[in-house]
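Participant: For reference, the chains in residue letters:
Number of protein chains: 2
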Amino acid sequence: MDTRVIFTNQVEEAIDSAVEAMAPAGVYVLVDTNTAKYVLPRLQTGSKAIAAAKVLMMSAGEENKNLETLARVWTGLGDGEATRRSVMINVGGGVVTDLGAFAAATFKRGIRFINVPTTLLGAVDASVGGKTGIDFNNLKNEVGVIRQADLVIVSTTFFRTLDSQQMLSGYAEMVKHAALTGPEAVSRLLRYNLADYDDDQLLRLLCESVEVKRSVVDKDLNDNGVRRTLNLGHTTAHALEALALKRGAPIAHGYAVAMGMVVTLVLSRMLKGFPSERLHSFAHWVRETYGTMAITCDDYPELLQAMTHDKKNHRAGEVMFVLLKDWGQPEIDQSVDAKTIEAALDIYRDLMGI
Amino acid sequence: MDTRVIFTNQVEEAIDSAVEAMAPAGVYVLVDTNTAKYVLPRLQTGSKAIAAAKVLMMSAGEENKNLETLARVWTGLGDGEATRRSVMINVGGGVVTDLGAFAAATFKRGIRFINVPTTLLGAVDASVGGKTGIDFNNLKNEVGVIRQADLVIVSTTFFRTLDSQQMLSGYAEMVKHAALTGPEAVSRLLRYNLADYDDDQLLRLLCESVEVKRSVVDKDLNDNGVRRTLNLGHTTAHALEALALKRGAPIAHGYAVAMGMVVTLVLSRMLKGFPSERLHSFAHWVRETYGTMAITCDDYPELLQAMTHDKKNHRAGEVMFVLLKDWGQPEIDQSVDAKTIEAALDIYRDLMGI
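Taken in order, these protein sequences are the chains called A and B.
First residue of the first sequence: 34, per this note's numbering; consecutive thereafter.
First residue of the second sequence: 34, per this note's numbering; consecutive thereafter.
Hints in this document: simulated from the structure, not taken from any laboratory.
The reader is advised that the hints may include incorrect statements.
Okay, derived cross-link-like pairs now, BS3-like style, lysine-lysine, Cα gap no bigger than 25 Å in a straight line [claimed, not checked]:
id, chain 1, residue 1, chain 2, residue 2
1, B, Lys279, B, Lys358
2, A, Lys70, A, Lys81
3, A, Lys87, B, Lys87
4, A, Lys358, A, Lys372
5, A, Lys305, A, Lys279
6, B, Lys173, A, Lys173
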């Protein structure tokens, strides 16, 4: 696939030269109430294309990634006289880029669009892969299409207004990509001091990380086979998130991914010979960085139930994991029985001190 | 592109063997209030797959090709527990296949779907090309995607419940395809007695016709270049339809296409040397078959205005036509000035006796 991803901390220049090359009939910028406040003024000052663009606004938050907002964006494009040759620029986190990309992919049967992710999670996770969509009928991403952005512009300069939880949440997905790459990639991220990051250094790490996802997605655009490696840690993560939500104390996605990866590594140790010292040092790092979520053996039935029903489970009634023989050596579609998962959760609790 | 189109008058067998080969997790049939009454009972009797399918129903008519109906179809799929491996079968005219295909192309980011057009116009025009969508914000097909059906099953056995106006409306699009093919294809259709058609003969003619469109679309999936030949006669047709609508006496699309083709041939005679005797015999056939719509020179400014704003006009302020040097020899992007168009409309009125 030919999505171009540009990594740059000269965002305004990148936008202007991209828009100039596209020679569009009209530019439309979608922002939410956060990026309207923290990002748009800066872009309007520095970028001629953004200064001249019509602004479409949506309310921030996952609860607004819905059909009503989508219809308002379509109406905004139509009333603003957008044509098939117009370009849409989506500036925001995953909610804005998912919904904005879906709006662009469907308005007049598809216009060109640029994604400018403004969160670390958005940059690492949502900027590549072509997944667009909205939540519908109380289900996440129930409606959407697969359509690659014409261009993604990734910059770390937007992250200065994010809090540490938002940063760490995105960082967990970077660590996941490193786990699919190899031992050096993992050590580099575990050594890096995210609390005191340098824009250009982080941009280089981010570039490496997005390229991992991009190469996986390019090999498998239709969400089969090799792409499933990107699900590493996520079967457990989704179960932990569901449990936390039910307890009324939701946890950020990336935190659940970090903890889910520890469970995955325990299973990988048990079933695939993943090296013990790497499991221990990784668990230690997660515990220090993300803390722990308290679970007891009373929670096991509910966690197992959630894992069995995870939508990425491609075979009914079984729990499928991506396991690692070592860093960089994933094996997809590994069926694990309930007893083994419970044993792994026991070891996970020991490792995390809960 | 690999859309399969099957031409058969054994529809039930075709559906069952296609569904069996797809091995779906659940089959969902979309019908409207017309096809629910006239077509669904027959299919439920003859096809195991349809008998076992969940039925989704929408109200008939272009005015229901909207976001509310789309949302109801998405909800019906979700509540009916459709998954990514389910299959949707859209049974109806262009409204049902356009909306149903868009619903399928977006539900869970895209599930497989089969179109079963039940009108001649739907069979000849909407069954190939991958155009899906809904009307929105008072504009036709304002929202949609390009996505080919996994299978289109075309049968003439559905047409027995159509009235002659519906048949002739679809036939005009077949004639348009013949005009892009050559003199023999045109004579064959002009000689055929549609008022007393034989299912299998008409199926063969339809097969030839759809293959013309399919080969054009396959050469140009993104609606540029060669695909514009399919716009033959449509610039004038849309203007005539708009005028008729404004007069409160709307005419069927195919009727406007037949008349629009006469205007196109007059221009082709004037500018490209299209043979005079072919123009005259075609105009005679249209007059006998479709009748005439009364226009005077007082209508010219409004017709020209509508032509200039036609959405298929790829250059602002000019009127672009597809013209023919002869049957089967189209030339796209022919800019024609207002004086010449008015002269052609004068000759058209002479030919049609108005």
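Participant: Next, verify each hint and record whether it holds.
Facilitator: Status of the hints after comparison with the structure:
{"no.": "1", "hint": "B:Lys279 <-> B:Lys358", "in the structure": "violated, 34 Å"}
{"no.": "2", "hint": "A:Lys70 <-> A:Lys81", "in the structure": "holds, 18 Å"}
{"no.": "3", "hint": "A:Lys87 <-> B:Lys87", "in the structure": "violated, 44 Å"}
{"no.": "4", "hint": "A:Lys358 <-> A:Lys372", "in the structure": "holds, 21 Å"}
{"no.": "5", "hint": "A:Lys305 <-> A:Lys279", "in the structure": "violated, 33 Å"}
{"no.": "6", "hint": "B:Lys173 <-> A:Lys173", "in the structure": "violated, 29 Å"}
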